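Trainee: All chains should be modelled from the sequences, with the hints used to inform the complete structure.
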Amino acid sequence: MTLVGWVQVLVFFALIVAVTKPLGVFMHRVFETGEAPLGRFLGRIENSIYKLFGVDPKREQDWKEYCFALLAFSALGVLVTYGIERLQGHLPFNPQHFPGVPQELAFNTAGSFVTNTNWQSYSGESTMSYLTQMAGLAWHNFTSAASGIAVALCLARGFTRRGGPAGPKTLGNFWVDLNRSILYVLLPLSFLFALVLVSQGVIQNLKPYLDVTTLEGAKQTLTLGPVASQEAIKQLGTNGGGFFNANAAHPFENPTPFTNLISLFLIFAIPAGLTYTYGRMAKDSKQGWILFAAMSFLFFAGLVVCYHAEAGGNSAFAGLPLQQTLGNMEGKEARFGVAASTLYATVTTDASCGAVNAMHDSFTALGGLVPLVNIELSEVVFGGVGAGLYGMLIFVVLSVFIAGLMVGRTPEYLGKKVEAKDIQLATLYILVFPIIILGFAAWAAVSAMGVSSLNNNGAHGLSEILYAFSSAAGNNGSAFAGLNANTPFWNIALGISMLAGRFLMIVPALGIAGAMVAKKVVAPSLGTFPTNGPLFAFLLVSVILIVGALTFFPALSLGPIVDHFQSLQGKVF
Amino acid sequence: MSSKAQTVSLFDRDITRRAIGESFRKLSPRMVAKNPVMFVVEVGSALTTVLFLRDILLHPAGHAPIWFTGAVSLWLWFTVLFANFAEAVAEGRGKAQAETLRKMRKETLARRLVGGKLEGKEEEIPSSSLRKGDLVVVEANQLVPGDGEIIEGIASVDESAITGESAPVIRESGGDRSAVTGGTKVLSDRIVIRIVSDPGESFLDRMIALVEGAARQKTPNEIALHILLVGLTIVFLLACVTLIPLAKYSSLTLSVTAIVALLVCLIPTTIGGLLSAIGIAGMDRLLKKNVIATSGRAVEAAGDVDTLLLDKTGTITHGNRMASEFLPLPEVRIEMLAEAALLASLADETPEGRSIVLLANEKYAIPANAPGASTGTFVPFTAQTRMSGLDFGGRSIRKGAVDSIGKYVIALGGRVPAELGELAARIGDSGGTPLAVADGSRVLGIIHLKDVVKAGIRERFKRFHAMGIRTVMITGDNPRTAAAIAREAGVDDFLAEATPEAKMRLIKDEQAKGKLVAMTGDGTNDAPALAQADVGVAMNSGTQAAKEAGNMVDLDSNPTKLLEIVEVGKQLLMTRGTLTTFSIANDVAKYFAILPAMFVPVFPEIAPLNVMHLASPYSAILSAVVFNALIIVLLIPLALKGVRYRPLGAAAILRRSLLIYGVGGVVAPFVGIKLVDLALEALHLV
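Residue numbers (numbering that gives the first Met the number 0), protein chains in the order written: chain X, 0 to 572; chain C, 0 to 685.
Bear in mind the hints are in silico, worked out from the structure with no lab data behind them.
Hints may contain errors.
[As the list claims (entries may be wrong)] Cβ-to-Cβ under 8 Å is the rule here; a few derived chain X residues that face chain C:
no., residue
1, Ile44
2, Ser47
3, Thr426
[Claimed, not checked] Distance ranges between label pairs, derived from CB positions:
no., chain 1, residue 1, chain 2, residue 2, range
4, C, Ala651, X, Val10, 35 to 43 Å
5, C, Asp492, X, Val24, 34 to 42 Å
6, X, Arg39, C, Ala511, 26 to 34 Å
7, X, Val24, C, His317, 30 to 38 Å
8, X, Lys519, C, Val662, 51 to 59 Å
9, X, Ala74, C, Asp197, 36 to 44 Å
10, C, Val666, X, Pro529, 50 to 58 Å
Remember, it's a predicted structure, so these values are computed and weren't measured experimentally.
C-beta atoms are modelled at their ideal positions from N, C-alpha and C, and glycine is treated no differently.
Mentor: In structure tokens:
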């Protein structure tokens, strides 16, 4: 680990700390106070959209209506995308004359983009038509991110609205939250940052591919396209689906350390800002900062392990006449080095983004363990836009419950009692991950359909399987690489994982919102455990780590952990 | 607690013996199935037993050694037995407690009035067949056959069977002292009682069922915890079951015994096994404090109380004004005043009069049998004179209201010194009552009468305060007096000139602010407020209406008992919370014991994960299972006694608990498993 490396980390984190409050205040204004920024111009667009779809923005929904609207919207998204993919051969904007996408792949891809996962079993430039890319996929970069924000807002309202049993049980309007997320937050910011990226050399054109002759005289085709505009929303919405197969390792997507820094900043910006928005909604900004602190702790813990493992180099090279002063450079871009690559890997898996600027498969066993564990902690370390906050709030419910019992008082959070029904829903939420990840991984590990796609055997192969299902269930979308996922088995299994990992978790989260909003607000006293202090952050982190670690440690110990000990002894696959 | 309270030692031999038998009886799958966590253990035990028998009979190759399967199976059975034992001990202790209650419910012959009419004929029926609404006659030296309300007559009743208080109490029809409890003894006179509960439904019956665990309904927090524990069990079930195919991928065949061992060690057996024992023990502790609760829910709610309403009279103060000091006028010796005050009160049988005699006697050593005093003439108090006193040996000593004494001495040619008014005003300001004393035409000084705050009450309120509970004193006094007493007693707030309506309004206001309100009461006019309050503790001496309205009855009729009730409620939650934390924290060490042991045959490189350096893979797994079983037994005392509650404030308590049970829970099994491993090795068992 180097000083320069840590300076990069700290500059990045300082930017996140700096943006949290202003962005949080901005989003609070957009979603809660009703005073829209740029109201004249965007407000007119907003209202005409409501008029077009017959939505009454003043009418709020209870949790069931809200949930139904979200599920219906998402289901429609899956169907339309699936349809476009299947029919692209007959549709316009298909100059390469790609045929319809095979059904399993079409299902997988539709699920992938609707769930904000952006897992790509295919290679975009040779499978999808321009229409599919734009109307089918890019659309979801905005809407899936906006849906995540909507769920987070809904749950936050459940905790912070204090109407009591007699008050309204409504939690906002899904269509309004969706519309405003896109119109006021995602579109303006991605537009702004696309310009910044262009200024740094990220390409943005509609030109045909370029054939060039290199200095050595070899012929090379340069793929081009409108990259910068895709790149901004890919990071900002924690989508992660790359324009090119190499994703953010590609020099046209991520040319310089500065664009790398901007990308990282965009990934964490909204999740961090939402913690502040939440604090505002709770009328106690400390409540938001404490979530931010717990997330930051987990972020640094993962980063230190990953960076340390990668900086230490590959133990397989020990004794060979090789210089490893730069650390384990296999699969990493020379322009980023170990520090920026491990930082990227940590951030992208913390935040369920899934963009990569280095190949996680080539990380050391321990270095690769960190992204995997990050995902398996339920993507709450800042997390996907919205998903991070609502996931964190579920863990808050569990932590508050344990803490309440320990201090001898019926647990309460923000004055609302945590009762059997809430624990039931929170338990359902945390059960989704082990069921999907362990269930499917166990199946894939012993079935020919699963194992035949593996690039490596042994423990490293198992890591690939675990990573694929974790990435899908966590709606991350990054791949460990080394796994050929474009087979019917993998496409369907991963497609189901992505849908379950998104919606089976959203429904209980919204259920908790519905239960919480109707609760009586109890006054705090000396006997009430404060949830805005460091002790609570500590407890929260412990609960997250314990739930995550206890669930996945046995499986991980057969994968990356065995891998680690074996590679220490020079055994490779 | 009262004199009859017998404390059952933690592991009373009788109870233990019976509990051991019970533990086996409770192995019945139907009973274990109520507890999903232990049910998983039992299924695992059965499974490994089958494997053990198969191995003995068939000697199949390639499986774990027979002794290993046998030992794991045995210890898994022990795990279930230990959990059953914990529950059985708790129930046994409850039963022992209930036995004393049951003794009061002796089968007696009741003299029922035929047709429920006062003038009806008497018939003798067994007390157990009395129904609600029956009228029975009880005379001196007979036992009251059941809970009821006196509708005719007055009697002195010996309630020592339930309260331990040997002095008889007066119970009479009408008013707030009309309730009698079954099993108490009428000492004098004849009363007619209307029975208020059907057989098996009295407070006593309900409490007996609660402490015996029979009718124990899970409390709200217990249900929530139960759900969480089941959820965790499913998580671990998934983690362990999927490990088989995942290991198969790595060409590693895991023995079913090892997987079952891992599963049992990971699921929260510690808290799962002790959960019902904790609940039963909580009710038992409450009963030991002579409080009967109608439900566990009420006890849990007591732990959450924010505001406590207490009647001033009888709770905070003794209820009678008592002499607290003598204030002589200038140039009067204090002993002179004390003597005169004593003489004036010698024949005064009111509590005030007696307190004056007592004060003069104890503080100033004035003999109560002054020579000649008995020959004097007692002048009784009348509403006209508002004075009382004694004439003897030519002296006429008077005590009374300040203005009456003033008029009295002026009439005798004396004068009223200006200082008298000042002294009187000062006492009035402090909430007390001044009583002037005159010897003939000379005013000697003033007796300060005041509502005396009970000894130790201030300390109790300090504890409430430290717990975060706001105390509010309810009194009919004027605000000035109320404020003075409130200050002296250390309550946080007071409601002066209170009417039942004002009391009700106060409760509703507090509840509207999101607070949980507890109150104590005994009168019929308290009943609506008792019902409205979240926790209503009725005094056993109170009316039936009050008892029905509240959700607890204090047999000792001690209103400050609420402090103990709150502590029991908090202890109940804390014990569950800390043991849950401990149970889950234990898993870390168990992973480090079992996983390396399971994987090391195929992946010898993983040996460094065996951080405890356990002797062999089999020893490692067995040690973890043994530790997991033993920890249940070791924690039974804690589960029964409850975690100690300290009024520290929530953050401080949590910090402590996290340190002891969280960090301790991570560390303890590393030590424990290593010790078991060393023991197994030393005994050459592995």
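Trainee: For each hint, tell me whether it holds in the structure or not.
Mentor: Structure-based check of all given hints:
1. Ile44: violated, 42 Å
2. Ser47: Check failed: Cβ of X:Ser47 comes no nearer than 43 Å to chain C, outside 8 Å.
3. Thr426: holds, 3 Å
4. C:Ala651 - X:Val10: 35 to 43 Å: holds, 39 Å
5. C:Asp492 - X:Val24: 34 to 42 Å: Given a distance of about 39 Å, which is inside 34 to 42 Å, the answer is holds.
6. X:Arg39 - C:Ala511: 26 to 34 Å: For C:Ala511 against X:Arg39, whose Cβ atoms are near 43 Å apart, the range 26 to 34 Å is violated.
7. X:Val24 - C:His317: 30 to 38 Å: violated, 60 Å
8. X:Lys519 - C:Val662: 51 to 59 Å: violated, 35 Å
9. X:Ala74 - C:Asp197: 36 to 44 Å: violated, 57 Å
10. C:Val666 - X:Pro529: 50 to 58 Å: violated, 27 Å
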